[in-house]
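Enquirer: If you want the building blocks of each chain, they are given just below.
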Amino acid sequence: MNNWLQSSLFVLVDLLGLAIVLVVVLKSQKNTKKRGSSTNQLSEQAIKENVAQIFNDAFREELRNRGRLHFEKIISENAMFLQQDLQLTTSQLNESLKNEVTKNLQTEFKKYEQSLEDARQLAVSAIEKTNQAIDKEREVLSNEIQKQIDLEKKQVLDNFEQHLASIVNHYILMAIGDQIDLNDQLQFIVADLEKNKEAIKEDVNHGA
Amino acid sequence: MEPKKLILPLSIVTTTDIDLVLNEINDLKEYLVQIKIKNSDSEIKLPHTSKSLDNLTELNNLDLTNMNQVDWLKKSTETLVTKAPIVHIGFSVEPNLLLLEKLVDWFRRNIDSTLLLTVGLQPIIGAGITLRTPNKFFDLSLKNHFNNLTSDLVKLIKEVN
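From first to last, the protein sequence lines stand for chains C and L. Going letter by letter, the first sequence gives residues 1 to 208 in our numbering. Going letter by letter, the second sequence gives residues 1001 to 1161 in our numbering.
Hints are computed from structural coordinates only; laboratory data are not their basis. Since this is a predicted model, take the numbers as computed values, not measurements. Heads up, some of the hints might be wrong.
Stated by the list, open to error - Lysine-lysine pairs mimicking DSSO-like chemistry, simulated, CA-CA at most 27 Å apart: (1) C:Lys195 - L:Lys1045; (2) C:Lys153 - L:Lys1102; (3) C:Lys110 - C:Lys98; (4) L:Lys1074 - L:Lys1045; (5) C:Lys110 - C:Lys136; (6) C:Lys201 - L:Lys1155; (7) L:Lys1102 - C:Lys201; (8) L:Lys1102 - C:Lys197.
Said to hold, decoys possible - Where chain C lies over chain L, by a calculated footprint (3+ residues, C-beta under 8 Å): (9) 1086-1093; (10) 1132-1141.
Yeah, the Cβ is synthetic: ideal placement off N, Cα and C, and Gly gets one too.
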């Protein structure tokens, strides 16, 4: 747009220059007139005729054509400038839009990434807490199971020892039971009876 | 003079023995009654009697030809059958008579002079006896002795382990 104004200004300057040239010519002719009053009238007439000859229709048409061509040229140049300017503006606009969109997308992506990171951290934290809880529960359970195992082991061992003692007792009784003569036992039987004499006497005399 | 309290010989040990003696006394009394009815003046020849009855009459200085003494003996024996204290003894094997006599002697000297025994078998006790009085049970067996020592045996087993 600025180029178009600049071109128009150039045309106006050209026309102004031409007008100045004509004024200077006319001025010199006036000066010449002042030198001779008699010749002035002829000169004026001659000038008018010269001017009329110079600025005849053909010259005017030529000027008009030149102006039109120049104007067309200026318009064409300006159109080109306008097109270039428009292309530049479009390009800048595209670039700006692209930058803006990219910026927005990057911002959104950053937000999205932050959200993902937060979610990941949350998930990791939850998993860690769950793992800790599971570890704790497993430890408690393990301790409890170990206690139960120890208890059962002790019970089994105690039962085994008791049974072993019973087996030993039974074996000894079976082994020696028939081998000891009752007459040999009499001394021990009487000794046991003596130990329990008072209790036996009490029950026999007063218990019935 | 008649004895006031019947003294039991060691040959009468169990309730079965006293029952047999009582039956024998009843038979003897019936025999004496019949003899008296047949020949009241003739000499009485007694039938053969058991060793237990012989010991009983001898120990109590009784004359079995005398009806009054036989009556007394019968009544005293019947009293014993119903009222004598009874103790049950369990052995691991069948006891011999000598052992029973020694045991009943101890009971009659230390507990009651008219005490009678009942005898049972408990092979599981190994050795020793079990004794059951009217209200109590005394386990004087080797098995019980071992059971009392079980904790010591378990301790020894643990020490071995």
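Enquirer: At a Cβ distance under 8 Å, does chain C reach at least three residues of the region 1132-1141 of chain L?
Expert: holds (count 6)
Enquirer: How does the region 1086-1093 of chain L fare against chain C when you require at least three residues with a CB closer than 8 Å, holds or violated?
Expert: holds (count 4)
Enquirer: Within 27 Å, alpha carbon to alpha carbon, are C:Lys195 and L:Lys1045?
Expert: violated (49 Å)
Enquirer: Hint check: L:Lys1074 vs L:Lys1045, CA-CA at most 27 Å. Holds or violated?
Expert: Holds: L:Lys1074 and L:Lys1045 sit about 19 Å apart, inside 27 Å.
Enquirer: Does the alpha-carbon distance linking C:Lys201 and L:Lys1155 stay inside the 27 Å limit?
Expert: The given pair, whose Cα atoms are some 37 Å apart, is violated under the 27 Å limit.
Enquirer: Tell me if the straight-line CA distance from L:Lys1102 to C:Lys201 falls inside 27 Å.
Expert: holds (18 Å)
Enquirer: Keeping to a limit of 27 Å between CA atoms, is the pair of C:Lys153 and L:Lys1102 held or broken?
Expert: violated (52 Å)
Enquirer: Within a Cα-Cα threshold of 27 Å, do L:Lys1102 and C:Lys197 meet the stated pairing?
Expert: Within the cut-off at roughly 16 Å; holds.
Enquirer: So if I understand the rule, the pair passes when the alpha-carbon distance is 27 Å or less; does C:Lys110 with C:Lys98 pass?
Expert: holds (18 Å)
Enquirer: Tell me if the straight-line CA distance from C:Lys110 to C:Lys136 falls inside 27 Å.
Expert: Violated, at about 38 Å.
The structure shown violates the earlier hints numbered 1, 2, 5, 6.
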